[in-house]
Structure formats: structure tokens, C-alpha cells
Amino acid sequence: MPHTKEQQKPILLLIDDSPSIHRLLAFKLKNEGLEFLAAFDSTEGVELAQSHQPSLILLDLNMPVVDGFQTMRALKECSQTISIPVIVLSGTTSPEDKVRAFELGAMDFVCKPFDIHELRARINSAIRISRLMKMLEMRAQVDGLTGLWNRAYFNERLASELAEASRNNKHLALVLCDLDHFKKLNDTFGHPAGDAVLQGFAEVLTTELRAYDIPCRYGGEEFVIILPDTDRDEARQVAERIRAALEAKGWPKFPDIHATASFGLTTAGLAGKDDPASWIQAADQMLYQAKHAGRNRVEVFSGPPSDGKAHLALAS
Amino acid sequence: MTDPKGPAGPIRSEMSSDADMLEIIQMFVDEMPERVAALEDAWRVHDTEALTRVAHQLKGASPGYGYSSVGDAAAILERSLKSADQDLSSVQAQFDHLIDLCSRVVV
Ligand SMILES: [Mg+2]
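As they're listed, the protein sequences go chains A and B. Quick note on my numbering: the first sequence kicks off at 308 and runs consecutively. Quick note on my numbering: the second sequence kicks off at 1029 and runs consecutively.
None of these hints come from the bench; they were simulated from the model. Every value quoted in this text rests on a predicted model; they were computed, and no experiment measured them. Positions of the beta carbon are idealized from the N, C-alpha and C atoms, including for glycine. Don't take every hint at face value.
[Stated by the list, open to error] Far from chain B, by Cβ distances over 10 Å, these chain A residues were calculated: (1) G340; (2) E515; (3) P562.
[Stated by the list, open to error] Pairwise CB distance ranges, derived in the manner of DEER restraints: (4) B/A1065 / A/E339: 27 to 37 Å; (5) A/E444 / B/E1068: 51 to 61 Å; (6) A/N338 / B/D1115: 44 to 54 Å; (7) A/E354 / B/D1069: 23 to 33 Å; (8) B/E1077 / A/I436: 30 to 40 Å.
[What the hints assert, rightly or not] Straight-line alpha carbon distances no greater than 25 Å define the calculated DMTMM-like cross-link-like pairs of lysine to aspartate or glutamate that follow: (9) A/K337 / B/D1058; (10) A/K337 / B/E1051; (11) A/K405 / B/E1077; (12) A/K337 / B/E1059; (13) A/K337 / B/D1046; (14) B/K1110 / A/D324; (15) A/K337 / B/D1048; (16) A/K335 / B/D1048; (17) A/K335 / B/E1051; (18) B/K1110 / A/D404; (19) A/K335 / B/D1046.
Between the sequences and the hints, there should be enough to build the whole structure, so can you do that?
Below you can see the structure in the form of C-alpha cells.
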């Protein structure tokens, strides 16, 4: 769910072959509110970066076997570590090395021996900048009114979840939802009421869904949920739970509102196709049926058998 | 500052007044014989690469522990090694000086 993680101690990963440097930095930075991770060679460093997602990496250039430049390349080639800021810490002071480090994606360069005050300032600055970058990235993916993921994020995520499901032969479900009679609701109670219902529905989604589900605002009064690793029956239960929770929800500021939504569910793409567009079409068709069958209900695409995997073609 | 040509007295850390830091300074000092041995071994077998590596590390770390004269001497040796090719005799003085300083380091 696109909620900002609670503030936790930033993790600082130091990759340096020299134990003296590790001890010195751990001592000098012990009051900075950082959590320290230590790697003494490149391989260990890249592994720790992937598994612990540090806020910042301090990287020594001069290391035996695999040097800092190669380490940098490995970090920037891996999607899990590409956006972690790196400060290169090196006894090499040649301008060529500095330029090369920046070209490979370093955020900053500090020469050894370092002045600890300067290093401290640069560490804090790098952490601040990377937080801002993350925030911007997050903002671009989150819907302002509801706090759910936005459509741009959904498009990207559906494609990657489809690929993931088919690669690992796992289930996947997609639910398209649309608030019933939303225009009428807006006209009758006003736009603030409409916004309240959109936000209220987002709350219902957040409450009823599991941590790994991906609720998105698709646009207007339409929402879409990606349910990874979920088969048709489970997905139907989840959608039904959401439907019931919205129907039962009270609206303290607008006591006369009775909001419901219709749901189109699929665990396959239309015509057995496996691209995002076909999946959305299948869900949309079911949503259309739900609307026509009287609204406030869940319709399920009967494409593949209920134990069918995400990539299975439409059953006859 | 220690005069390299002066009497071979102990070289104290410029940071020894920081009581909290004494523990890690002590560790740094305790490891000095190892580093001296590594330098001497590398010298004996003309291993320029190993010499450069130890000198480089000393350059980077020593000033942080309050031994800037060691850091300076290590930097000079590292730089001299770059232009020394295989002929280590041209850096004998720089090598001896670094060994001398390292041997005199105390907390
Ligand atoms: Mg190093």
C-alpha cells in the first residue's frame, strides 16, 4: 500500500576492505542516528545492499579483487540497488577517478583521509536528497485524493505482476470496481460528498485487502485491484468482502448516503490472451455485466477453471 | 610534529585526549607490528603491489586516528612507488621513513 513507511533509522552500508576505516567511521558517526552495516569486499557489499536496502552506501574505490568501480557498476545494474545513493570514499584523488565515479552514478566523492565533519555533512545531505527523490517518485505514483496507487503505477504494476505470475506459474486476479450511481450521488449531495465517498471506498479497500494486494484508483469513480497469488475463489471472497463492507458503511457527515459498488473480476485475459489490455478488457466486461445485473454485485469471468494458473487459456 | 631526523621518540595520537576514542586508537596501534611486517615482507620480495596497498591503507586511515605524520609518509611512499617501476632502491628512504614512524606509534 502506498503509505509512507514510518521513520526508521537510516541504514548506512560501508564497503571498504580496511577494518581500521570501519572502526573509525562507526566511532565517529555513532551519534548520527544511523544503523551501520559493514562489508569488507565488493561481493558482500552488493549482497547486503540488495538484502537490506540501505539509505546510503559509502564505497571504497581501492579494494583487492573487485574494486569500487566494478562494485558501482554492479550496484547500478541491479534494479534493487540502482536508486541507493553512493558516496565514493577514496584515497585516490585524481580528477579522472572522480569523474569516472560520477559517470558511474556516484552521488558524491570524498577523499581519504577525510575530515569527519565534512563527511558527516555529506552523508546527511545525501540521505536528505535521496529521501526527497523517493518522495517525488512516490508522489508521481500516488493518487492525491485517495492515497491509493494511481493509474500510471497500476499500468506498470499489472504488466510486471502478469510477467511474474506467468514466470512462476502463479495465480493472479484482477478486480475492476465502479461506484454505483456516482454521478447522481454527486448531483444530489454535492462534490464534497462525492469526494468523501471516494475516500471512504479507498479506506474500505485498505482495510479489507491484504498487505500484498495492490489497490489503485483507475480514474473518476473507478478503482482497480491487483491480487497477486490469488485464485478465482479467493478473489471472489475478497471482492465480496469489499462489496459488503462498502454497503454497510455509514457516512456520518452525509447520513443519507448509501454507497455501493459493482465489481468485475478476472483471473485471465480476454480470449486467452495474457497481455494487460486483455485482462483489463475481461474485468471490464464483468463489470459491465454487474452493472446490468442490477449493481452492487460481483461478477466473475469464467474463462479458465478455478484452479487455472494465470497464463492458462480460456476454457471452452 | 615529529621531526623525522630527530631522536626516535614515541609518536602519540593527536586524538588521545578523546577518552572515548582510546579503545579504537589502541586497536589501531596494536595492529601496527602487523603492518610493519607486511611492508617489510613486501619489500624483501620486491612486491610493489603489496607495498602500495599497505601504504595506501595507511594513508587513508592514519590521520583519522591522529597520526598524520604516518599518513603523510605513507602518501609519499605510495606516490614514489608509482614512478619507481621495479627499482625499489629509489624509494628506500621513503620506505625507511615510514617503517620508522610506524614503529614508534603509541597511543
Ligand atoms: Mg581500500
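Status of each hint after checking the structure:
With a cut of 10 Å on Cβ distances, A/G340 stays outside the contact zone with chain B, its closest approach being about 17 Å. Even its closest Cβ contact with chain B, about 53 Å, leaves A/E515 beyond 10 Å, as expected for a residue assigned away from the interface. No beta-carbon of chain B is positioned within 10 Å of the beta-carbon of A/P562; the least distance is around 64 Å. The beta-carbon spacing between B/A1065 and A/E339, approximately 35 Å, falls within the hinted interval of 27 to 37 Å.
Between A/E444 and B/E1068, the C-beta spacing of about 53 Å keeps the proposed range 51 to 61 Å intact. For the hinted restraint 44 to 54 Å between A/N338 and B/D1115, the CB-CB distance of approximately 48 Å keeps it satisfied. The supplied range of 23 to 33 Å is met by A/E354 and B/D1069, whose beta-carbon atoms lie about 32 Å from each other. At roughly 37 Å, the beta carbons of B/E1077 and A/I436 sit within the given window of 30 to 40 Å.
Between A/K337 and B/D1058 the CA atoms are separated by roughly 23 Å; this keeps the pair inside 25 Å, and the hint holds. Among the hinted pairs, A/K337 with B/E1051 is consistent with the structure: their alpha-carbon atoms are about 14 Å apart, no more than 25 Å. For the proposed pair A/K405 and B/E1077, the alpha carbon gap of about 22 Å is at most 25 Å, so the pair holds. Restraint check for A/K337 and B/E1059: the C-alpha separation of about 23 Å stays at or below 25 Å, so the hint holds.
Annotation: proposed proximity of A/K337 to B/D1046 holds, straight-line Cα distance about 14 Å (limit 25 Å). A distance of roughly 21 Å separates the Cα atoms of B/K1110 and A/D324; the hinted pair therefore holds under the 25 Å criterion. For a cut-off of 25 Å, the pair hint linking A/K337 to B/D1048 stands: about 11 Å separates their Cα positions. At roughly 10 Å between alpha-carbon atoms, A/K335 and B/D1048 fall within 25 Å of each other, so this suggested pair holds.
Proposed proximity of A/K335 and B/E1051 is supported: the alpha carbons are some 13 Å apart, at most 25 Å. The hinted pair formed by B/K1110 and A/D404 meets the criterion: a straight-line CA distance of about 16 Å does not exceed 25 Å. Among the hinted pairs, A/K335 with B/D1046 is consistent with the structure: their alpha-carbon atoms are about 11 Å apart, no more than 25 Å.
Going down the numbered hints, you'll see the structure goes against none, and every one checks out.
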